[in-house]
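Peer 1: If you want the building blocks of each chain, they are given just below.
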Amino acid sequence: MNSVLYDAPGPRAKQRNIIYSVIFVIAVGLVGWWVYSALSDKGQLDWEKWKPFFTDSRAWTTYIWPGLENTLKAAAYSMVIALPLGAVLGIARLSDHLWVRIVAGTIVEFFRAIPVLILMLFANEAFSKYSDVSSDDRPMYAVVTGLVLYNASVLAEIVRAGILALPKGQSEAAKAIGLRKGQTMRSVLLPQSVTAMLPAIVSQIVVIVKDTALGGAMLTFSELLSTVSTMSGYYGANVIASFTVVAVIYIVLNFILTTFASWLERRLRRGKKSTGAMVDPAAVAGTAATGAGGGGGGIGGAV
Amino acid sequence: MFDFLEGYDLWGAFWETVKLTGLSAVGSLIWGTVLAGMRVSPVPLMRGFGAVYVNVVRNIPLTIIIVFTSLGLNQTLGVTLGSEDFATINFRLAVLGLTAYTAAFVCEALRSGINTVPVGQAEAARALGLSFTQVLTLVVLPQAFRSVVAPLANVLIALTKNTTVAAAIGVAEAALLMKGMIENEAQTIAIAAVFAFGFICLTLPTGLILGWVSKKVAVKR
Numbered sequence: 001m002n003s004v005l006y007d008a009p010g011p012r013a014k015q016r017n018i019i020y021s022v023i024f025v026i027a028v029g030l031v032g033w034w035v036y037s038a039l040s041d042k043g044q045l046d047w048e049k050w051k052p053f054f055t056d057s058r059a060w061t062t063y064i065w066p067g068l069e070n071t072l073k074a075a076a077y078s079m080v081i082a083l084p085l086g087a088v089l090g091i092a093r094l095s096d097h098l099w100v101r102i103v104a105g106t107i108v109e110f111f112r113a114i115p116v117l118i119l120m121l122f123a124n125e126a127f128s129k130y131s132d133v134s135s136d137d138r139p140m141y142a143v144v145t146g147l148v149l150y151n152a153s154v155l156a157e158i159v160r161a162g163i164l165a166l167p168k169g170q171s172e173a174a175k176a177i178g179l180r181k182g183q184t185m186r187s188v189l190l191p192q193s194v195t196a197m198l199p200a201i202v203s204q205i206v207v208i209v210k211d212t213a214l215g216g217a218m219l220t221f222s223e224l225l226s227t228v229s230t231m232s233g234y235y236g237a238n239v240i241a242s243f244t245v246v247a248v249i250y251i252v253l254n255f256i257l258t259t260f261a262s263w264l265e266r267r268l269r270r271g272k273k274s275t276g277a278m279v280d281p282a283a284v285a286g287t288a289a290t291g292a293g294g295g296g297g298g299i300g301g302a303v
Numbered sequence: 001m002f003d004f005l006e007g008y009d010l011w012g013a014f015w016e017t018v019k020l021t022g023l024s025a026v027g028s029l030i031w032g033t034v035l036a037g038m039r040v041s042p043v044p045l046m047r048g049f050g051a052v053y054v055n056v057v058r059n060i061p062l063t064i065i066i067v068f069t070s071l072g073l074n075q076t077l078g079v080t081l082g083s084e085d086f087a088t089i090n091f092r093l094a095v096l097g098l099t100a101y102t103a104a105f106v107c108e109a110l111r112s113g114i115n116t117v118p119v120g121q122a123e124a125a126r127a128l129g130l131s132f133t134q135v136l137t138l139v140v141l142p143q144a145f146r147s148v149v150a151p152l153a154n155v156l157i158a159l160t161k162n163t164t165v166a167a168a169i170g171v172a173e174a175a176l177l178m179k180g181m182i183e184n185e186a187q188t189i190a191i192a193a194v195f196a197f198g199f200i201c202l203t204l205p206t207g208l209i210l211g212w213v214s215k216k217v218a219v220k221r
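Chains as they are written, first to last, in the numbering used here: chain R, 1 to 303; chain H, 1 to 221.
Possibly wrong hints are sitting among the right ones.
[To be verified] Derived contacts from chain R toward chain H, CB cut-off under 7 Å, selection only:
(1) L117
(2) F122
(3) G169
(4) L225
Since the hints were derived computationally from the structure, they do not count as laboratory data.
All figures in this text were calculated on a predicted structure; none of them were measured in a lab.
Backbone N, C-alpha and C fix where the C-beta goes; we use that ideal spot for every residue, glycine too.
Just need the whole structure built from these sequences, with the hints factored in.
Peer 2: Next up, the structure:
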């Protein structure tokens, strides 16, 4: 890899790089050694604590898989419900009618500005007070509701950005051949903007998957994170081992999704049929910084 | 109408949220800048470390990181971060977790900012005989920072909202107070409205002010 920040290394620079590498390795090694000794002091590295994940299939079937299943289920429900809602809100924000724009804009900005956890806590309480959802199902309902409210508004911004990113000529041409507003949106703008939005939507799934963990920590939703405590209770306080396994599952799952998103983006940018328009997930992930986006790229939205 | 607020330290809870946000923001700005420096450095090992750190941390739920700091670091390994008091330990652990997580996003924002600096700038700096560190700290980073104010504002807003996750390890901030209030009081919707309003008050001005700043300081090219 070459960078504009430095020349291709000559003999002296190569030597210097080696010295820096050695210093860096020593520094990382010291930290690693400190972590290792802290872990082994507390007996967290004993084979006893890690064995269940390699030799005992029940660790996977009774603890990890049901948790992962709930995580994936909640994420899938949220995405499926939030996507059409987000599309409606996003298109409403582009409406010609002032009132539709104002109402949709207020809803979107409101739910984007509030932490998902607050939405989940509220949904949980609202379901217990105003509905007859059984208390077993309630955490799942609350998590999905919270995620839908938040992500519908984020997806609305993605949809809006996707439509706005299309070249102006597209809607002008549609107007010129006599299409009505609805027709222009349905048959010209939306189909094309979907390709522009796809990578941003896939990155949003990562955010949703990560956010399901909130339900496990705060709402007794039995998802992947909450299996850590039951698991480490059962297998004898193997907290570190359980956390490591669960974290690795999340990392692998989300890494596949992020890699897929960037592969999709590269492919779509190259495609000859695409207009080359692309939504930058970083610009829509935050909140209220309306119009302040632009510049920067590559960061997925934080939780 | 808002009688139910009596007996609850609403200001205290939101002040805790602000403190969490502020400290984590400063921490993640520093650590994120160091990471970004590593990711563009000429030493392959440091580049690799930066890339692995960002990709790993970005894909772990923040909730896992925060819960781990409490269950793993504190209760299993006995890390206390120099405090005996339970509340202070958890507060510091939450700041540590938030910093470790947010730094990955700051790093990515900064790296994209570094990419917006024209090639000629770095080439000119190198032609003057500046070393990599000098090129980065004197020429490239100052311009990169000015171009990423808006993305960093998004990261800061996300961080403000993310501080609610600290409630999972019992830090007495807004979300934990809301959880407590909502269980004890009848006015669910009014309580939710108060906390929603509180967060809008925190995030909306951040976005507007930093949006204005980003236009002000942008390098016109």
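Peer 1: Holds or violated: G169 (chain R) as interface residue toward chain H, Cβ cutoff 7 Å?
Peer 2: G169 (chain R) check fails; min Cβ-Cβ to chain H is 27 Å, beyond 7 Å.
Peer 1: Hey, does the L225 (chain R) contact hint survive, CB to chain H under 7 Å?
Peer 2: It holds, given that the least Cβ distance between L225 (chain R) and chain H is near 6 Å, below 7 Å.
Peer 1: Checking hints one by one. Is L117 (chain R) an interface residue toward chain H, by the C-beta closer than 7 Å rule?
Peer 2: 4 Å, holds
Peer 1: Should the hint that F122 (chain R) touches chain H count as held when the rule is a Cβ pair under 7 Å?
Peer 2: 4 Å, holds
Hint 3 from the earlier list is the only one contradicted by this structure; the remaining hints agree with it.
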